[in-house]
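Position chain B relative to chain A; hints supplied.
These protein sequences, in sequence, are chains A and B. For my numbering, count along the first sequence from 1 and bump the result up by 1381. For my numbering, count along the second sequence from 1 and bump the result up by 1381.
The hints are simulated quantities; they were obtained by calculation from the structure and are not laboratory data. Any given hint might turn out to be false.
Since copy identity is lost for identical chains, a pair holds within one copy or between any two.
Claimed, not checked - Straight-line alpha carbon distances no greater than 30 Å define the calculated BS3-like cross-link-like pairs of lysine-lysine that follow:
{"id": "1", "residue 1": "K1481", "residue 2": "K1570"}
{"id": "2", "residue 1": "K1402", "residue 2": "K1578"}
{"id": "3", "residue 1": "K1559", "residue 2": "K1523"}
{"id": "4", "residue 1": "K1570", "residue 2": "K1402"}
{"id": "5", "residue 1": "K1559", "residue 2": "K1502"}
Number of protein chains: 2
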Amino acid sequence: MILCDIGNTSYHFLDGQRDFKESVNSFNPTSITKEVYYISVNSAVNEQLRHLENWINLASFIDMDKYYATMGIDRVVASMAVEDGIVIDAGSAITVDVVKDSVFMGGFIYPGVRAMSACYKNISPALDYSFNFSLDLETLPKNSQDAISYGFLKTLHREVISHNLPIILTGGDATFFKEIFPQANINQKLIFDGMKKIISII
Amino acid sequence: MILCDIGNTSYHFLDGQRDFKESVNSFNPTSITKEVYYISVNSAVNEQLRHLENWINLASFIDMDKYYATMGIDRVVASMAVEDGIVIDAGSAITVDVVKDSVFMGGFIYPGVRAMSACYKNISPALDYSFNFSLDLETLPKNSQDAISYGFLKTLHREVISHNLPIILTGGDATFFKEIFPQANINQKLIFDGMKKIISII
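Bound conformation, chain A alone (with noise of 0.2 Å):
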């Protein structure tokens, strides 16, 4: 059984043990012949795979009632790995979603890294500082690179660790945030570990 993730720029495989990327780009997926379960948001992708009879859309399998129409197939599947916590996912953007008992409370969305250094760049030169991770998180910042990086980190942190949850951090840049969120268990298969669980009761 083949697993497939598709963003904007990749595919990503799980077969086996084994995971890899191929390029949206240059990846032909009828060269594979095997099944392959994926879920997409990447619609340009999704409108040339729903003619390939082995690939199989597990967006299909999924009760979005419990979910909310315009939420990324990627959170959904995320959250369903999950029975009782809050999901952090760090790429271009950040979706920090709750699950209670396995049930979705819903959840909201923070900008990335290389997003939000752009706007603090954007609004003023004077702002364009790298983000210090390694901040004193309980003290008032006192310097501009501090003053930034508080803006960005300590109100996410405050949020997050207020829904006194186990922390899944998951995502390209997971493992910046495990240094705010020390407490947190990266998991770079979260959403195979979800697809895994629709793949299970289907």
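Just chain B now, with coordinates in the frame of chain A:
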């Protein structure tokens, strides 16, 4: 006595009870012959005013050791107007500064409404929503507009109220934030209050 707060685009004057603005591009400071006490974040204007005897820069009377070297003079002076409180200046950036017993405790910088809106939009057209300031802050969102509104506003809200201090709102977007901080006082002359305090002790 005329007071003037100079930003990147305008001179903001207070002459008695009357306040008015003049454009940085068109206003000629030599047209005023009375004494003007000013602060300025505009280095080009600063250079021009340095040669005019009747324009008195209040920055030179401030002990910056109580603040920090790169802190905007407008934040410093607004903080000086407050004895105990948290000052939210909601402009192109949102600066949040904490003052206790007239001592500056530190502060942070968060993106302003317009910058944050552009930030979400730049991540994905799917995040191009206006912010919902009448969002229910007690409930995790289950729709896209509230998901980004919560990301922007609830995180800031939680941090601000955690300090348990009177909230003073100022800046062009103050009225928007009054919706999520109904207990706050709006004071659009906070900087002038701070300037008067400096003048009273020099």
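The hints, checked one at a time:
1. K1481 / K1570: within (20 Å within a copy, 47 Å between copies)
2. K1402 / K1578: within (22 Å within a copy, 62 Å between copies)
3. K1559 / K1523: both (24 Å within a copy, 26 Å between copies)
4. K1570 / K1402: within (13 Å within a copy, 56 Å between copies)
5. K1559 / K1502: both (24 Å within a copy, 26 Å between copies)
Hint violations for this structure: none, all hints satisfied.
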